[in-house]
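A.B. asks: Make a model of the complete structure from these sequences and hints.
There are 2 protein chains.
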Amino acid sequence: MERFALATDLYELTMTAGYYSKGLMGRATFELHVRSLPPHRSFLVAAGLEQALEYLERLAFTSEDIAFLRGLPPFEGVPAAFFDEYLPRFRFTGTVWATEEGTPVFPPAPILRVTAPLPEAQIVETVLLAYVGFQTSIASRAVRMVNAAAGRPVVEFGSRRSHGVEAGLYAARAALIGGCGATSNVEAARRFGEPASGTMAHSWVMAHGDEDSAFRDFTEIFGSHAVLLLDTYDTLNATRRIVSSGLKPSGVRLDSGDLTAVSRAVRRILDDGGLEATKIFASGDLDEWRIAELVGGGAPIDAFGVGGALSTSSDAPLLGAVYKIVALERDGHVAAPMMKRSPGKETLPGIKQVWRTYAGGTAAGDLIGLADESGGPAQSEPLLTCVMKDGRRVHPPKTIDELRAACRLRVDRLPQGVLKLEGAERYPVSITAALRRTADTLAASSK
Amino acid sequence: MERFALATDLYELTMTAGYYSKGLMGRATFELHVRSLPPHRSFLVAAGLEQALEYLERLAFTSEDIAFLRGLPPFEGVPAAFFDEYLPRFRFTGTVWATEEGTPVFPPAPILRVTAPLPEAQIVETVLLAYVGFQTSIASRAVRMVNAAAGRPVVEFGSRRSHGVEAGLYAARAALIGGCGATSNVEAARRFGEPASGTMAHSWVMAHGDEDSAFRDFTEIFGSHAVLLLDTYDTLNATRRIVSSGLKPSGVRLDSGDLTAVSRAVRRILDDGGLEATKIFASGDLDEWRIAELVGGGAPIDAFGVGGALSTSSDAPLLGAVYKIVALERDGHVAAPMMKRSPGKETLPGIKQVWRTYAGGTAAGDLIGLADESGGPAQSEPLLTCVMKDGRRVHPPKTIDELRAACRLRVDRLPQGVLKLEGAERYPVSITAALRRTADTLAASSK
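Each protein sequence line maps, in turn, to chains A and B.
Each residue of the first sequence is one higher than the one before, starting from 699 at the first, in the numbering used here.
Each residue of the second sequence is one higher than the one before, starting from 699 at the first, in the numbering used here.
Check each hint, because a few of them may be wrong.
What the hints assert, rightly or not - SDA-like, lysine to any residue: derived pairs with alpha carbons at most 20 angstroms apart: (1) B:K1043 to A:D908; (2) B:K720 to A:G907; (3) B:K977 to A:P771.
FYI, nobody ran anything at the bench for these hints, they're computed from the structure.
Predicted model, so just to flag it, every value in this text is computed and none were measured.
C.D. replies: Printed below as a string of structure tokens:
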């Protein structure tokens, strides 16, 4: 997006003006977490951190932005210095700790933690939630689909169903982190250094009037990159035409019908015609359950193209991620832990860390504790690491290829039962005694 | 988005190269329609047209775009003239007919129709589908929520759950068209000339340590714009504190708990304290069903803030919109009607129009026919009108306020039974005899 600063909730800006007006400029810590797993999901996979950090590095107010805010009715009573001094110089100067993209995460463990002067930590809430919540939902679903495909490539095809152009790009990114091997979105392929993939549409066949010339023309131009779409009129007829015409496409695509039966019949015709090397690519309203069914039923499908179910995370299009203040320095001293106690929406207080414990190489559970507890349990790995200091990234971004490999490694270390599509085991998440005590003490204190 | 041209599916670009290579440059007509209503939905409301037209007007390839494409493996066999002559001069030069934004639409009626030289009409598919499908899903849900609220204002609060920053802006736009009176997204408010709305977050209260000073500070700065959030610790205590402190906020917000019971209790405390003028604003995982329940149960709530259910269209995050070729001129003659016959995914052939018929001022049904049929039935209104010629808009864009008013008028002319949240009547959609004959003839012809 070309302009970010005002693409946020009004209250982030009014509260920022309020904190400034009242001199509430102490360092605050906010944590971003998902309240609970969506139905059907037994794990989430963190993603979107890179876009969150880009946003933090670039956030600034233009003079137009400031003039617009100044003219909004709620800002009438805000001191002029907020518009003349604070906003023009505004930069995010805070520290960020986060879970690496591609890491499986389990609510309510924090995924991201921001420490910054209160207004800076507050103002970024809306956009951080949008980027991290969205990509996390997509990456998680991609892992489920890739697991269901059991080694067959899964390609992200969902840009046409995505919630706009930007959403298409970042859905592709998250899907690639989650294990997709390619995307149909060319700009995503360019930005993220990944392969672009595509076949042909029904319109290509229809514009030619007959399949013979449509297939011949496409193969002539695109050679070994030509994947021919079979179902515009009649799939088996189309397959026979390919064989009889002597074409040797690298692949064919099925997009409708009973994909198990049709793929078997197509495979037979191809094989009988000497086209054993031609791959079968399947698409058409696929999701992890359909893929699992096709794979389980032995459909001779070599690769899957998935669309809107992936690019909109259709079973869980929103995750209910929240970003809550957990500590605040007053007068430069001690970060006071704090918690919200709204019914059903309580938060865990204090600056936290999450430790993943392992037993024999397999993740045995996550432990949420206070960050200053001494190092976590034995054989455990802290999931939150420092990724930004003084508003600048600590490390250069990893490639998507690196993140995908790390994701696969970490997913493979989860208990197998947690990865099941149906009736998955619940992954154990607990909190330390010290965190429990802090929460209980705060809950007991009357406000 | 700053760069559009490659943010599309690879196959749009390979097919375009293919059409160019093979001289398939005749004028083609593609229509965009939704295959069927999602579960729970009895109508859709068209939106996103404005962004679709902006895209068509601005679409162009930079030299970097072209160099990138040229280097992609599938393009190896494409003639150099495609990169040296065609793409650098590429502009969309076509004609577009469309349903006005805010109009209720019923599958499978076309919402948008593009006629242009085949490559131009093809290449825009992915982005048109994304913009129109996405905003249509949101506008439709907004109408349902606004109807459920029965006259109480509904404010769009969903940016934090949207699929990125761009999605947040356009979700707000579609929600406003669908009847929301304001949005929390300040950039959306600026771009679309609409009110920005917001209250305060729990963090404001928590950063103050106690509600008394949090409420006092906020009211001091924001005066009549201050809406105080009550549920950080204990809602009723917070309400009593407001009364006893002598504050007179214009509104309070409830964000958790049993909203019917809590709103009644809060209303009583406010009224007993002389704060009859203070409005009650409710939020927290609201959707049309929750709103209907609250309104039906007589909860004294004056306005609703809705988030992710609206901004992600969570019950139907994708609509299954498709964009299909329906006619193609060959050698400059006659537009041949065409249809796809994939099982379960058949399309209606030919260049079409949709007529909405009325009886006594109420919409009685939509009739899909061929565009060249003589004017449609009596007392009917053609829904598709020409919005772009030679790649330029025919009319200046309407304001969101105009579109929202037109939407309300058109929604109010639907049969009441169609608007019900549960067990809604099916709105009648039929096709003309001439269109049926064309489809039957094409289906019978063996390809």
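A.B. asks: Do the alpha carbons of K1043 (chain B) and D908 (chain A) lie within 20 angstroms of each other, as the hint requires?
C.D. replies: At roughly 19 angstroms apart (the allowed maximum being 20 angstroms), D908 (chain A) and K1043 (chain B) satisfy the hint.
A.B. asks: Is the hinted pair K720 (chain B) and G907 (chain A) satisfied, with a Cα-Cα distance of at most 20 angstroms?
C.D. replies: With Cα atoms ~14 angstroms apart, K720 (chain B) and G907 (chain A) stay inside 20 angstroms; holds.
A.B. asks: Against the 20 angstroms threshold, does the CA-CA distance of K977 (chain B) and P771 (chain A) hold or violate the hint?
C.D. replies: holds (18 angstroms)
Going down the numbered hints, you'll see the structure goes against none, and every one checks out.
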